[in-house]
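K.L.:
Put the two chains together into one complex, using the hints given.
Top line first, the protein sequences correspond to chains A and F.
Per the numbering used here, the very first residue in the first sequence carries number 915; after that it's consecutive.
Per the numbering used here, the very first residue in the second sequence carries number 82; after that it's consecutive.
Which bits of chain A does chain F cover? Going by a derived footprint, with three or more residues having C-beta under 8 Å, they are: (1) 956-967; (2) 973-987.
Chain F regions said to be covered by chain A (calculated; three or more residues, Cβ under 8 Å): (3) 90-103; (4) 123-132; (5) 139-152; (6) 226-234.
One-sided and incomplete, this derived list gives chain A residues near chain F with beta-carbon spacing under 8 Å: (7) I918; (8) S950; (9) E952.
No wet-lab data here; the hints were simulated from the structure.
In this text, a Cβ means the ideal position worked out from N, Cα and C, and glycines have one as well.
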Amino acid sequence: MIGIGYLFVFAASVFAASMGGFGVIMHRNPIRMLLSLEVSFNGFLLLLLWSSWAVGDPVMASGLGLIGIGVSSAELALMVSIMMALFKGGYIRRLDEEELDQGESSKGEASTVG
Amino acid sequence: MSLLIEVLLTVGALTFMLLSVLVVEHRSMIYSALMLAFLGLLNAALLYSLGFPLLAFVQIVIYVGASVLFLAVSISLLKEPPEAHTGMGKPVLAFVSLVALGIALLASLAQGFGYSVKLVSYVLTASRLVAHGGTAVLLIFVLLAVTMTVSVTVSTTRGEKA
Chain A
915 MIGIGYLFVF AASVFAASMG GFGVIMHRNP IRMLLSLEVS FNGFLLLLLW
965 SSWAVGDPVM ASGLGLIGIG VSSAELALMV SIMMALFKGG YIRRLDEEEL
1015 DQGESSKGEA STVG
Chain F
82 MSLLIEVLLT VGALTFMLLS VLVVEHRSMI YSALMLAFLG LLNAALLYSL
132 GFPLLAFVQI VIYVGASVLF LAVSISLLKE PPEAHTGMGK PVLAFVSLVA
182 LGIALLASLA QGFGYSVKLV SYVLTASRLV AHGGTAVLLI FVLLAVTMTV
232 SVTVSTTRGE KA
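The shape of chain F in the complex, shown without the other chains (with noise of 0.2 Å):
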């Protein structure tokens, strides 16, 4: 069981770093945009797995479902070169089956040394969320709800001058 984190944690830090190469190098920025969702995904796992599970549902849906999607669909509708898109689904879709495959065949093993994943309390998540980070919390709020009507507001603006 101990190994088998290890090795969890091995291939999550390994897989961690190629993401970084990838949306920092990849040619087209809606990969590239994709790519940073997904180490979003898996920088919430590694927090999960250091101890942090309350960082790790906010990761991924204050960050990896709101702001990043927004910024890969934004990246989206703009005007790419379309010699940026050449050649790279088949090894991406063949990557993902891979991984996928891989955390099927780790899971069983899982099962078969006996280990099962522990259900999270959404009342134990809301309780800490007030008693540690209440304040916190609360700036984030008020901080994305602003942002998202400024962001909203300029999206709309179509450049002009105000």
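Next comes chain A alone, as it looks inside the complex (with noise of 0.2 Å):
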């Protein structure tokens, strides 16, 4: 029998992953997109430990736990440093903007609106 607290941490993984998903898809800015996709591997990090916890051979997951985790650093290392290179050479001027433009546009209209 799976105690509740157990329960609960199941659904915050598939919850954290789906999240990461939605993030994906949602956000154009490329940073965003890689912030999703970190909390979408924490997400299934978490929900493939559980599983092996709940099946009971927790070995086999332990080891592609330890690669997910070495995979997941390098890649967001690699990839933050290849933004900063586009940042430095002028390929990427400002953060969000596209967001801020869009969120200014969505009160500009609510207060015509209004």
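P.N.:
So this is what it looks like as structure tokens:
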């Protein structure tokens, strides 16, 4: 019998994985997409290890988790350095420019309607 | 004691959900990166509670300690719109203070119930590391070393064409 706390952990892992996927779909800024992917990775890592804990065979999942953490850390460092290089080269000038424009335009529409 | 663990796990899972929403939806990317660091720490705590102390250790040292903080510092060096910083300092401070007070209260309650933290032997950790995941750990260190070298090289090129 699995306790209620462990069921909440399962629900949290599924929620975080879904939330990360939602963020990847909804945002167009590459850094925001990267952050959302990291949320999704954390959710899937927790889900993998929770599943192995529930099944009762944690050794293989532990090795997979180690490799996953290493690959994700390496990918994160590499992607951030590429973003920094793009920013320094002038390919990205400001962060969240499109989202801010959208926010300002939606505020303007709301004030016009109000 | 079992009830205390259930309560701690439930609170941790709910906080995990809240942090994942904040990382994805917060307007400031600096706060999002910091929330991602807290999410990684909380994930390590949940992994520890599931019986994976080694993975929790690796998650804290490599993932949060190196990569996510590198991401946070890099984003904080970029130019972010000033509108993104308004009005979130006090609520975040209040939330962190409440969480810290709650953890202190739970810790004092745990001591009252006779619960004590089991100290992990580093010799045991190292032997488990070598016995169960020697190849994986070797791959991780090689991968991280190569990636950090490439990352520093790419960051210092200033976007120039090769």
